[in-house]
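Residue numbers (the numbering used here), protein chains in the order written: chain A, 98 to 409; chain B, 23 to 524.
These are calculated hints, taken from the structure and not from any lab test. The beta-carbon is built from N, C-alpha and C at its ideal position, and this holds for glycine as well. Errors might be hidden in some of the hints.
If you want the footprint, here are the derived chain A segments under chain B, 3+ residues with CB under 8 Å [claimed, not checked]: (1) 117 to 123; (2) 324 to 336; (3) 361 to 368.
In the DSS-like style, the derived pairs of lysine-lysine whose C-alpha atoms are separated by at most 30 Å in a straight line are [claimed, not checked]: (4) Lys-408/B with Lys-135/A; (5) Lys-408/B with Lys-358/B; (6) Lys-412/B with Lys-135/A; (7) Lys-114/B with Lys-94/B; (8) Lys-392/A with Lys-372/B; (9) Lys-390/A with Lys-372/B; (10) Lys-358/B with Lys-493/B; (11) Lys-74/B with Lys-299/B; (12) Lys-127/A with Lys-504/B; (13) Lys-62/B with Lys-74/B; (14) Lys-408/B with Lys-143/A; (15) Lys-94/B with Lys-298/B; (16) Lys-138/A with Lys-358/B; (17) Lys-62/B with Lys-135/A; (18) Lys-62/B with Lys-470/B; (19) Lys-362/B with Lys-127/A; (20) Lys-408/B with Lys-94/B; (21) Lys-397/B with Lys-372/B; (22) Lys-157/A with Lys-127/A; (23) Lys-362/B with Lys-135/A; (24) Lys-127/A with Lys-358/B; (25) Lys-350/A with Lys-372/B; (26) Lys-298/B with Lys-522/B.
Between beta-carbon pairs, the in silico distance windows are [what the hints assert, rightly or not]: (27) Leu-255/A with Leu-475/B: 32 to 42 Å; (28) Glu-164/A with Gln-141/B: 48 to 58 Å; (29) Gln-103/A with Lys-476/B: 21 to 31 Å; (30) Pro-56/B with Glu-123/A: 46 to 56 Å; (31) Glu-398/B with Asp-365/A: 32 to 42 Å; (32) Thr-129/A with Pro-189/B: 38 to 48 Å; (33) Ser-472/B with Ala-204/A: 21 to 31 Å; (34) Leu-332/A with Tyr-186/B: 48 to 58 Å; (35) Asp-48/B with His-118/A: 25 to 35 Å; (36) Gly-136/A with Glu-383/B: 33 to 43 Å; (37) Gly-249/B with Tyr-396/A: 22 to 32 Å; (38) Tyr-396/A with Tyr-186/B: 48 to 58 Å.
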Amino acid sequence: MATPAQHVFRRLFDEVGPVDHVGIEERVAKYTTRSIKKGAKLWGLKTAVSMVDLTTLEGKDTPGKVESLCQKALSPHGDPDIPTVAAVCVYPSMVKHARRALGEDTAVRIASVATAFPSGQAPLRTRLAEVKSAVADGADEIDMVINRGAFLAGEFQLVQDEIAAVREACGAATLKVILEVSELETYDNIRAASFIAMRVLRPNDFIKTSTGKTTLNATLGNNQVMLEAIRDFYLDTGTPIAMKPAGGIRTAKQALQFLIAVKETLGDEWLNNTRYRFGASSLLNDLLRQIEKEKTGAYQAPYYFSEAAESY
Amino acid sequence: MPTLTEKKRPTSRSAGRPAPELIFGDLWEFDPAPETADPKLKPRYDLFIGGKFVAPVSGKYFDSINPANETKLAEIAQANAADVDAAYQAAKKAYDTVWGKMPGRERAKYIFRIARLLQDRAREFAVAETMDGGKAIKESRDFDVPMAAAHFFYHAGWADKLDYVAPGRRVAPLGVVGQVIPWNFPLLMLAWKLAPALAMGNTIVIKPAETTSITALKLAEIFQDAGLPAGVVNIVTGFGDTGAAVMDHPIAAKVAFTGSTEVGKIIMRSLAGTDKKMTMELGGKAANIVFDDAPIDQAVEGIVNGIFFNQGHVCCAGSRLLVQETVAAEVLAKLKNRVKVLRIGDPLDKNTDIGAINSKEQLGTIERLVATGVKEGATMFQPACKLPSKGYYFRPTIFSGVSMSHRIAREEIFGPVLSVLTFRTVDEAVEKANNTAYGLSAGVWTDKGSRILKMSTELKAGVVWANTYNKFDPASPFGGYKESGFGREGGRQGLLDYCKLV
Chain A
98 MATPAQHVFR RLFDEVGPVD HVGIEERVAK YTTRSIKKGA KLWGLKTAVS
148 MVDLTTLEGK DTPGKVESLC QKALSPHGDP DIPTVAAVCV YPSMVKHARR
198 ALGEDTAVRI ASVATAFPSG QAPLRTRLAE VKSAVADGAD EIDMVINRGA
248 FLAGEFQLVQ DEIAAVREAC GAATLKVILE VSELETYDNI RAASFIAMRV
298 LRPNDFIKTS TGKTTLNATL GNNQVMLEAI RDFYLDTGTP IAMKPAGGIR
348 TAKQALQFLI AVKETLGDEW LNNTRYRFGA SSLLNDLLRQ IEKEKTGAYQ
398 APYYFSEAAE SY
Chain B
23 MPTLTEKKRP TSRSAGRPAP ELIFGDLWEF DPAPETADPK LKPRYDLFIG
73 GKFVAPVSGK YFDSINPANE TKLAEIAQAN AADVDAAYQA AKKAYDTVWG
123 KMPGRERAKY IFRIARLLQD RAREFAVAET MDGGKAIKES RDFDVPMAAA
173 HFFYHAGWAD KLDYVAPGRR VAPLGVVGQV IPWNFPLLML AWKLAPALAM
223 GNTIVIKPAE TTSITALKLA EIFQDAGLPA GVVNIVTGFG DTGAAVMDHP
273 IAAKVAFTGS TEVGKIIMRS LAGTDKKMTM ELGGKAANIV FDDAPIDQAV
323 EGIVNGIFFN QGHVCCAGSR LLVQETVAAE VLAKLKNRVK VLRIGDPLDK
373 NTDIGAINSK EQLGTIERLV ATGVKEGATM FQPACKLPSK GYYFRPTIFS
423 GVSMSHRIAR EEIFGPVLSV LTFRTVDEAV EKANNTAYGL SAGVWTDKGS
473 RILKMSTELK AGVVWANTYN KFDPASPFGG YKESGFGREG GRQGLLDYCK
523 LV
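Please model the complete structure; the sequences and the hints are all you need to start from.
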């Protein structure tokens with residue numbers, strides 16, 4: 098006899114449909130053979146810059162560190178032709194320092210991880226209090242983690258109720274729901290968890306791959322599974338959900354491959370920073386370096402680009 | 023608050039607003055990304071007989087056209103019966119004096135050398151293949167050329183182990199074999215045919231298709247570089263009459279043909295009453311069967327790969343999609359969205375997914391059959407992509423509402439045209455899949471392992487792919503049932519078709 102937890106898994110998988118691991122890997126391998134040149138490359142690189150959530154999530158973060166991150170976010174390379182990044186992403190205690198550095202009237206949004214990031218292993222009231230405090234300090238966006246323990250135990254209703262509670266606590270702030278894909282392990286689980294989250298999200302709230310704190314983060318494979326879930330949900334309900342792969346995207350080449358996946362899976366309406374983001378930090382300087390290369394025809398040494406954060 | 027089972031539906035749709043759609047527009051257009059390697063083409067290619075390039079007896083040449091832009095690539099020698107006879111004499115001499123007597127381990131060295139030289143010049147061959155045949159460079163680069171090399175490597179490995187190919191028996195080569203190959207995979211078919219024959223110790227007279235002779239003659243340059251003894255492989259180019267001369271020549275101990283069922287039947291008729299061995303790899307009208315528990319997105323990917331790979335010029339193409347009624351609408355909707363992002367155009371562009379149709383004649387055949395489909399009442403879908411102004415191109419085409427009696431469900435179109443049919447039960451799927459004169463391949467998409475096993479025993483097809491499509495390996499035998507031919511290519515079974523048991 099199947100246990101109640103197995104039943105609930107089967108019911109959800111039946112409802113959202115299975116994912117074939119080999120098939121997904123084959124699909125995304127095709128993105129890596131696309132050859133993006135000249136104007137298309139420059140457009141892709143600049144768009145990628147505008148999608149970066151410039152991130153520092155270290156125990157040793159200081160107000161000074163966050164301030165320099167904000168300066169980098171506002172002016173990635175001192176070139177007016179290059180857009181600002183989408184947001185800075187910091188711990189809740191750093192939100193007020195980020196707000197001070199960026200000011201009120203700024204194109205760069207402030208995202209804060211909350212809900213006992215990265216494990217989420219705190220009582221719900223503590224997590225909600227953390228969300229509210231971050232929003233009160235000036236966060237425009239909240240990156241929450243789902244309750245993976247509850248998901249793996251089949252307590253889907255609990256997972257979803259908690260997401261809904263966090264959404265309420267966000268108020269007007271955009272919510273990003275981190276599935277932490279490496280802890281869900283299978284593509285079937287990633288697809289199922291995407292649906293659990295999307296069903297209680299508002300238009301242009303995000304689902305996000307990972308915290309960047311585990312061994313495996315964003316890959317083209319799990320990005321594809323989530324993009325397809327977003328597509329199916331949108332065509333079914335009309336609610337557009339946004340997507341944020343995070344962690345492990347360090348090179349401009351990778352970022353372009355992720356954008357090709359967006360172009361070919363969700364289309365033009367997702368090729369902007371309202372609907373797609375990169376959670377990254379070292380990626381930004383590689384994007385800038387490639388933009389310079391496209392413009393000047395030559396690579397510049399890495400030390401010509403100001404460091405913003407340690408790798409994420 | 024919405025629950026897990028109650029899907030959140032915004033009021034906008036119930037208020038009669040149009041259903042949400044995805045926009046695959048031109049926000050991010052890709053710049054051209056042409057492959058620039060030099061194909062090193064010669065202006066004129068002669069026949070390859072007795073290890074040398076020789077002019078045809080008739081002195082006649084014909085033009086090889088690049089189907090992507092209708093320009094002339096090179097002149098190809100037109101062989102007549104006298105040239106074919108010279109080729110057979112050279113092959114016989116090579117068999118009697120050198121190749122037939124050579125130990126397998128020595129033959130292996132030549133075959134390995136051919137494989138390595140082909141790998142060394144892979145990029146050059148890929149570009150030549152694309153210019154000559156119209157297939158997308160990503161396919162010739164990532165599939166045709168590496169797979170051709172893989173066939174030589176695999177069979178080189180067999181050459182010194184032939185004592186183990188038929189347990190308890192000894193094997194001996196047949197002698198001289200005649201081979202005729204089609205234009206859809208010019209280099210790869212050449213490798214499929216040559217490698218097992220060479221490994222077994224046969225010598226060969228082979229005729230490539232008239233529209234795609236160039237890579238065969240470039241491979242002849244590699245035979246020279248590899249020091250392959252003169253006459254072991256002879257290449258005669260030309261039209262149908264040249265092919266008939268190759269098939270009918272009295273020296274041929276065996277003939278192997280890949281091509282249309284129509285021509286295959288003519289060859290079989292002409293060889294009736296002779297003692298020639300034969301293998302035929304002919305047409306197909308494969309069923310790609312999608313059950314309602316299949317991973318739909320990956321099935322859609324497999325459907326696209328099954329029918330649009332190489333512009334649908336594939337004998338095992340999944341040209342009939344059988345989809346279970348309960349998921350038919352979903353599969354079709356997803357398929358259309360997928361086809362909208364396929365890139366059709368210059369085959370040399372690295373981003374091109376669907377290249378040029380091989381020839382004007384083939385384009386005409388496709389257009390005729392598609393017109394029949396429309397006339398017979400099937401619903402046609404084509405994406406609104408731009409096609410180049412010159413060259414032979416055809417949009418990927420999906421016909422829905424097709425029934426078993428439609429011509430587009432019965433005849434091999436050999437182009438990027440998919441016919442979608444539905445079924446309700448497993449038995450109905452099997453019956454419809456088998457209701458064809460062909461039996462080359464089939465695909466099954468389901469999450470249920472037991473169903474895969476059941477289908478693979480009941481489908482009358484030489485290859486059954488499960489949750490994938492168009493997967494090939496030199497070690498895996500390939501061949502058909504019914505009018506798709508007989509004999510196998512690849513693996514141990516393929517080798518057995520090039521030897522006699524002694």
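Do the hints match the structure? See the list:
1. Here the region 117 to 123 of chain A counts 5 residues with a CB under 8 Å from a CB of chain B, which clears the bar of 3, and the coverage holds.
2. Using a Cβ-Cβ cut-off of 8 Å, 8 residues of the region 324 to 336 of chain A lie near chain B, which meets the minimum of three, so the contact claim holds.
3. Coverage of the region 361 to 368 of chain A by chain B holds. Counting CB-CB distances below 8 Å, 6 residues qualify, and the rule asks for three or more.
4. The suggested pairing of Lys-408/B with Lys-135/A holds, with an alpha-carbon distance near 21 Å, which does not exceed 30 Å.
5. Among the hinted pairs, Lys-408/B with Lys-358/B is consistent with the structure: their alpha-carbon atoms are about 16 Å apart, no more than 30 Å.
6. A threshold of 30 Å between alpha carbons decides the hint, and for Lys-412/B with Lys-135/A the separation of about 25 Å falls inside it, so the pair holds.
7. Restraint check for Lys-114/B and Lys-94/B: the C-alpha separation of about 35 Å exceeds 30 Å, so the hint is violated.
8. Of the supplied pair hints, the one linking Lys-392/A and Lys-372/B holds, its CA atoms being roughly 23 Å apart against a limit of 30 Å.
9. Taking the CA atoms of Lys-390/A and Lys-372/B, the gap is near 22 Å; set against the 30 Å cutoff, the hint holds.
10. Among the hinted pairs, Lys-358/B with Lys-493/B is consistent with the structure: their alpha-carbon atoms are about 23 Å apart, no more than 30 Å.
11. Note on Lys-74/B and Lys-299/B: the hinted pairing holds, with a Cα-Cα distance of about 28 Å set against a maximum of 30 Å.
12. Taking the CA atoms of Lys-127/A and Lys-504/B, the gap is about 35 Å. The hint is violated against a cut of 30 Å.
13. Taking the CA atoms of Lys-62/B and Lys-74/B, the gap is about 19 Å. The hint holds against a cut of 30 Å.
14. Simply put, Lys-408/B and Lys-143/A have alpha-carbon atoms about 27 Å apart, close enough for the 30 Å limit, and the pair holds.
15. For the hint linking Lys-94/B to Lys-298/B, the alpha-carbon distance of about 38 Å lies beyond 30 Å, and the restraint is violated.
16. Distance hint between Lys-138/A and Lys-358/B is fulfilled; the C-alpha atoms sit about 27 Å from each other, no more than 30 Å.
17. About 27 Å separates the Cα atoms of Lys-62/B and Lys-135/A, which keeps this hinted pair within 30 Å; it holds.
18. For the suggested pair Lys-62/B and Lys-470/B, the alpha carbons sit about 50 Å apart, so the restraint of at most 30 Å is broken.
19. Using a Cα cut-off of 30 Å, the hinted pair Lys-362/B and Lys-127/A holds, with the two alpha carbons roughly 16 Å apart.
20. Distance check on the hinted pair: Lys-408/B and Lys-94/B sit about 24 Å apart at the alpha-carbon level, within 30 Å; holds.
21. Taking the CA atoms of Lys-397/B and Lys-372/B, the gap is about 36 Å. The hint is violated against a cut of 30 Å.
22. A C-alpha spacing of about 40 Å is found between Lys-157/A and Lys-127/A, which places the hinted pair above 30 Å, so the restraint is violated.
23. Proximity of Lys-362/B to Lys-135/A is assessed by CA-CA distance (about 24 Å); at most 30 Å being required, the pair is judged to hold.
24. With a C-alpha separation of about 18 Å, the suggested pairing of Lys-127/A with Lys-358/B holds against the 30 Å cut-off.
25. Restraint check: the Cα-Cα separation between Lys-350/A and Lys-372/B comes to about 16 Å, which is no more than 30 Å; the hinted pair holds.
26. Annotation: proposed proximity of Lys-298/B to Lys-522/B holds, straight-line Cα distance about 12 Å (limit 30 Å).
27. Between Leu-255/A and Leu-475/B the C-beta distance comes to about 39 Å, which sits within the given range of 32 to 42 Å.
28. The hint said 48 to 58 Å for the Cβ distance between Glu-164/A and Gln-141/B, and at roughly 55 Å that hint holds.
29. The beta-carbon spacing between Gln-103/A and Lys-476/B, approximately 26 Å, falls within the hinted interval of 21 to 31 Å.
30. Between Pro-56/B and Glu-123/A the C-beta distance comes to about 25 Å, which lies outside the given range of 46 to 56 Å.
31. Restraint check, Glu-398/B to Asp-365/A: a C-beta distance of roughly 36 Å satisfies the suggested window 32 to 42 Å.
32. Here the CB-CB span from Thr-129/A to Pro-189/B is close to 44 Å, well matched to the stated 38 to 48 Å.
33. Separation of Ser-472/B from Ala-204/A is about 57 Å and departs from the stated range, judged on CB atoms against 21 to 31 Å.
34. Between Leu-332/A and Tyr-186/B the C-beta distance comes to about 56 Å, which sits within the given range of 48 to 58 Å.
35. Hint check: Asp-48/B to His-118/A, Cβ distance near 33 Å, so the stated range 25 to 35 Å holds.
36. Checked against the hint of 33 to 43 Å, the C-beta distance between Gly-136/A and Glu-383/B comes to roughly 38 Å, which is consistent with it.
37. Checking the proposed 22 to 32 Å range against Gly-249/B and Tyr-396/A shows it is violated: the Cβ atoms sit about 44 Å from each other.
38. Hint check: Tyr-396/A to Tyr-186/B, Cβ distance near 55 Å, so the stated range 48 to 58 Å holds.
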